[in-house]
Amino acid sequence: MGSVNRVFALGNLTKDPDMKPLAAGTLVADLRLAISESYTNQKGEKVESVCYVDVVVWGRQAEVCKQYLHKGSPVFVEGRLQLDTWEKNGQKRSLLKIKADHVQFVGGPDGERRGGGDSDESAPFAGPVTATRNRTEAKPAEGNEEDDNTPF
Numbered sequence: 001m002g003s004v005n006r007v008f009a010l011g012n013l014t015k016d017p018d019m020k021p022l023a024a025g026t027l028v029a030d031l032r033l034a035i036s037e038s039y040t041n042q043k044g045e046k047v048e049s050v051c052y053v054d055v056v057v058w059g060r061q062a063e064v065c066k067q068y069l070h071k072g073s074p075v076f077v078e079g080r081l082q083l084d085t086w087e088k089n090g091q092k093r094s095l096l097k098i099k100a101d102h103v104q105f106v107g108g109p110d111g112e113r114r115g116g117g118d119s120d121e122s123a124p125f126a127g128p129v130t131a132t133r134n135r136t137e138a139k140p141a142e143g144n145e146e147d148d149n150t151p152f
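Residues in the sequence shown are numbered from 1 upward in steps of one, following the numbering used here.
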């Protein structure tokens, strides 16, 4: 049986991105998302819960996140789960986080969420800004017209 490791998360940053260079010169940024969910329980009361998720972003994408994102910024993250394990004071520790392949900035120029809420509808919006991890993608073989006819 095959396996799939794909995560999609939409939330707001709980703090400014924390970026640092590694010894080899590669940049890495740590983000922390708050993902809110609200529902009505059996008593008819509205309940809100928040899930906090750690995200790691690499390379140029980390730079772009540091430059444009700040606490409260809404972002959409696509990536995969990664389990980090280490030992501290003789105790084994672990942290499950998202290794981002793609980070999309959802807010407008002020970091406001698009499409409702208390945002100023008259403010111009330049569209979402996207940062994508550099990776080699397999290209379709020459003469493969099947991809050109896909309706989506």
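For the record, the hints were derived by calculation from the structure and aren't laboratory data. Treat each hint with caution, since some may be false.
[What the hints assert, rightly or not] The calculated DSS-like cross-link candidates involving lysine-lysine, where the alpha carbons are at most 30 Å apart (straight line), are:
(1) K15 to K99
(2) K88 to K43
(3) K97 to K43
[Stated by the list, open to error] Pair by pair, the computed Cβ-Cβ distance ranges are:
(4) Q82 to G25: 33 to 41 Å
(5) T40 to Y68: 21 to 29 Å
(6) N89 to M1: 34 to 42 Å
(7) L96 to A23: 22 to 30 Å
(8) V4 to G44: 35 to 43 Å
The C-beta atom is built at its ideal place from N, Cα and C for all residues, glycine as well.
A quick look at each hint next to the structure:
1. K15 to K99: It holds: about 18 Å lies between the C-alpha atoms, which stays within 30 Å.
2. K88 to K43: violated (44 Å)
3. K97 to K43: Not OK: K97 and K43 at ~34 Å, beyond 30 Å, violated.
4. Q82 to G25: 33 to 41 Å: violated (21 Å)
5. T40 to Y68: 21 to 29 Å: Taking Cβ atoms as reference, T40 and Y68 lie about 36 Å apart, which means the hint is violated.
6. N89 to M1: 34 to 42 Å: holds (39 Å)
7. L96 to A23: 22 to 30 Å: holds (25 Å)
8. V4 to G44: 35 to 43 Å: Taking Cβ atoms as reference, V4 and G44 lie about 37 Å apart, which means the hint holds.
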